[in-house]
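Chemist: Here is how the chains run, residue by residue.
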Amino acid sequence: MSLTTSRRRFLAGAAATASTAVGIPLLAGCSSDDKQPTGGGGEAAAGLVNVWGGVPAESGPQDLIDAFHKAYPTITAKYTQFVNDPNGNLKLDTALQGGAGIDVFFTYSFPNLAKRANANQMADLTEKVSSDADLKKLASKTYTPRYDGKVYALPTVAETSITFVNKDMAAAAGVTVPDSWTVDEFHQAARKLTNGKTHGSFSNPSVAVATLGPDAGYTSSGQANFTAGPWLTEAKLASAMAKDGSSYPEQQVLSQQLTAYQQNLFLTEKIGLWISGTYNLRFINDLSQYPHKFVTTFAPQPKPTGADKYWNTGNYDNFISVAKSSENQDAAWTFVKYWLTTGAKYMYKAGKLSPLETDTTQATELLLGEQRDKLYDVDAFTRVTFDPANRLGVPKQFAGAPEIATAQTSQTEQLLLGKISPQQWVSNMQKAATSAIAKDS
Amino acid sequence: MVATTVPETPTAVPTTLNPRRGRSREGRLALAFLTPNLLGVLAFTVVPLVAGILVAFTKWNVVSGIGGIQWIGLQNFHNLIFDATFRKSLLLTAFFIVVTVPATVLIGLGLATVLNKPIPGRAALRAIFFLPYIVNIIAVGTVWLILFNPGGGILNTVLRWFGIANGPGWLTSSTWALPALMIIAVWSGVGYVAVIYLAAMQDLPMNLYEAAEIDGAGAWQRFRTITWPSLMPTTVFLVITSMISTSQGFGMIAFLTQGGPGTSTTTASYYMYQNGFLYYRFGYAAAIGIFMFVLVLLLTMVSWRLQRGRGLD
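Chains as they are written, first to last, in our numbering: chain A, 6 to 446; chain B, 39 to 351.
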């Protein structure tokens, strides 16, 4: 048999190969070979559940999925991590659009949540949640925003804002860590902690959101609200702390891109106070990456001076949804319910505290880790984090929200660098927010 | 009567191929080879380009799917004209181009002139100067982030040696952030420009140089009357392509400054990214893209017009 080929046959083969190579990217994502037929009726149906989340698998999701497989051997959960930044969220959105076979996914920002709910990406969970004794609490408006009166996503995390305090630095500077303090008292404490080598705090505490609530940037009719008094008070506080050095210099934050690495400053004792959330406990627990000897104690978020009641600037967050396009709704809902209830404890190693948690002792042990007695003032953590007076909110207004957030970042940079005054900050923000809201109307 | 013989005329060798059919067969063959590439260009260039133009006339956030597209006509373009942030971004982009492109081209030309001389280690030097162009943009940005540190960075340290105690804030200053990005852009592009000029210099008319030397022309005169006009086509190419790539510059801004401090480095391309990928206003972002496309096209045509008749005839 001859091994040579005619020119015609060669060209036909080359054209076929090239056409296939062009066609492959066009076909990618159209269908998933992983999908198995859905199971029969009943809540714990069989099948494959594809889950997309922003937390690395090794930080909790994989442990949760392993436990889920033992509890529900007929359902296989497959976890895909997406990076929770604009590109990663766009990747999730286009995957949902393109029918990539996603059954369960997470949303980490309220504007994205509103967009996906209004774009019909999420299954309606209202009935399921309202009739479930374990999850009914989450259906209330305190925890979950509603769109057209319906529930499309449920929060998996209560991200309470608390103040991490370097106990050793505080003692050396003569700062008493209080059970409650105002923003002015916080500022005084930060000034005491400031010397040639350290700064008091990473940034200023909130006044506006703490006073006005999660929709602080909007009036009740949806217009820009940056001319409200608390915004000017907060801008003045931020400016004062930048000028006296009690907040970390903005020039250094920008030049070293520290906003995403604030833990570095706290754990190398360059700041003594750090207003943040429990999701940052994983850095303090990680002695191999962040070796340190000091004890971390806790104080509540500072409250606006003169306020009796105030909002915690944290949120119920990390929303989990069943994809509207999921062909395995029952199995997906089984997985969602597991994540919210029995499986929630596996996420504590990522610092993700469940909003349904009632066993504060177990939660504290899991969040603070095995070396908690060496690294933390455990009593202070429990007292501050599980204080029933902590009032977390759920934003309801999102018109122009991403653009307003960008404007807030850029104007605050200018304020902290001393380029604009607090009054100019307020005026610029009002203009920027008005323009952003108009564009989205 | 003289017998004449009609000389045999050579007859054409009969062929089995009709020449016209042969040409058409070659054409089909060529088309067959081009088709895969054409399909790719169609699918990944032409179709997205046309789609982008159409999206510019809509209000769309992508998340809502095809069904969420709202046709709004020229509204996006109308809003652009009154958008103060966009107008500022245009000015920043223009300033960036007007400073960076001539600086890169002129410094690259100077470098090429030197590297064209028989200096020791010339081959190694050419490779070294070309390196910045091929190094990963994140690696370049990381190094410059350290160099530009206002406190301990080498630039301000050197300035302190010269008595300037409070050096610029560079990437942390709304005054100096854009100049800092320009420095990086010039540093990255100079090697590429030099390599292109070096290639062009190999075709320079040496006989003209010899004649000019005989006539007593100095180095500057030879450059002005022979080198510069001879290199005009290359210069036009470099100016136009540099202008296009500079107007699209995004990576370094996204990595180093995210358009800040304030909006001091929010160029038109970064503003387009913000509107599309941060604010989910893809129609508006597409309108910015179309606007920039038309603007750069006009600038390219003007540049092309201006260089006509300035070459070496």
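Some hints here could point you the wrong way.
As the list claims (entries may be wrong) - Listed next, the in silico SDA-like pairs over lysine to any residue satisfying Cα-Cα at most 20 Å (straight line):
| hint | chain 1 | residue 1 | chain 2 | residue 2 |
| --- | --- | --- | --- | --- |
| 1 | A | K424 | B | P217 |
| 2 | A | K424 | B | P206 |
| 3 | A | K436 | B | G189 |
| 4 | A | K96 | B | A292 |
| 5 | A | K444 | B | G111 |
| 6 | A | K342 | A | S135 |
| 7 | A | K444 | B | I110 |
| 8 | A | K172 | A | K342 |
| 9 | A | K424 | A | D249 |
| 10 | A | K444 | B | I119 |
| 11 | A | K444 | B | F115 |
| 12 | B | K97 | A | L95 |
| 13 | A | K96 | B | I119 |
| 14 | A | K241 | A | E190 |
| 15 | B | K155 | B | R260 |
| 16 | A | K248 | B | P217 |
| 17 | A | K424 | B | S212 |
| 18 | A | K379 | A | K241 |
| 19 | A | K436 | B | T123 |
| 20 | A | K444 | B | K97 |
| 21 | A | K133 | A | Q102 |
| 22 | B | K126 | A | D249 |
| 23 | B | K97 | A | T439 |
| 24 | A | K241 | A | S225 |
| 25 | A | K379 | A | V182 |
| 26 | A | K202 | B | G189 |
| 27 | A | K155 | B | S102 |
| 28 | B | K97 | A | Q102 |
| 29 | B | K97 | A | K172 |
| 30 | A | K424 | B | T213 |
| 31 | A | K329 | B | S102 |
| 32 | B | K97 | A | N125 |
| 33 | A | K424 | B | T123 |
| 34 | A | K172 | A | Q376 |
In case anyone wonders, no lab produced these hints; they're calculated from the structure. Only a predicted model underlies this, so the values are computations on that prediction, with no experimental measurement involved.
Chemist: Next step is simple, just say for each hint if it's right about the structure.
Modeler: Going through the hints against the structure:
1. A:K424 / B:P217: The hint holds at about 18 Å.
2. A:K424 / B:P206: 14 Å, holds
3. A:K436 / B:G189: Given that 20 Å is the threshold and the Cα spacing comes to 34 Å, the pair is violated.
4. A:K96 / B:A292: Satisfied, since the Cα-Cα distance of roughly 18 Å is no more than 20 Å.
5. A:K444 / B:G111: With a Cα-Cα distance of about 15 Å, the restraint between K444 of chain A and G111 of chain B holds, given a limit of 20 Å.
6. A:K342 / A:S135: 13 Å, holds
7. A:K444 / B:I110: This hinted pair holds, its Cα atoms lying about 13 Å apart.
8. A:K172 / A:K342: Violated. K172 of chain A to K342 of chain A sits at ~39 Å, over the 20 Å cutoff.
9. A:K424 / A:D249: 16 Å, holds
10. A:K444 / B:I119: Roughly 14 Å between the alpha carbons, so the hint for K444 of chain A and I119 of chain B holds.
11. A:K444 / B:F115: 13 Å, holds
12. B:K97 / A:L95: Roughly 17 Å between the alpha carbons, so the hint for K97 of chain B and L95 of chain A holds.
13. A:K96 / B:I119: 31 Å, violated
14. A:K241 / A:E190: 15 Å, holds
15. B:K155 / B:R260: 15 Å, holds
16. A:K248 / B:P217: Given that 20 Å is the threshold and the Cα spacing comes to 26 Å, the pair is violated.
17. A:K424 / B:S212: The given pair, whose Cα atoms are some 9 Å apart, holds under the 20 Å limit.
18. A:K379 / A:K241: 38 Å, violated
19. A:K436 / B:T123: 11 Å, holds
20. A:K444 / B:K97: 10 Å, holds
21. A:K133 / A:Q102: 25 Å, violated
22. B:K126 / A:D249: 33 Å, violated
23. B:K97 / A:T439: 19 Å, holds
24. A:K241 / A:S225: Violated, at about 25 Å.
25. A:K379 / A:V182: 19 Å, holds
26. A:K202 / B:G189: Distance ~14 Å between K202 of chain A and G189 of chain B Cα, so the pair holds.
27. A:K155 / B:S102: 18 Å, holds
28. B:K97 / A:Q102: 17 Å, holds
29. B:K97 / A:K172: With a Cα-Cα distance of about 53 Å, the restraint between K97 of chain B and K172 of chain A is violated, given a limit of 20 Å.
30. A:K424 / B:T213: 10 Å, holds
31. A:K329 / B:S102: 13 Å, holds
32. B:K97 / A:N125: 17 Å, holds
33. A:K424 / B:T123: Roughly 18 Å between the alpha carbons, so the hint for K424 of chain A and T123 of chain B holds.
34. A:K172 / A:Q376: 16 Å, holds
The structure fails to meet hints 3, 8, 13, 16, 18, 21, 22, 24 and 29 from the earlier list, while all remaining hints are met.
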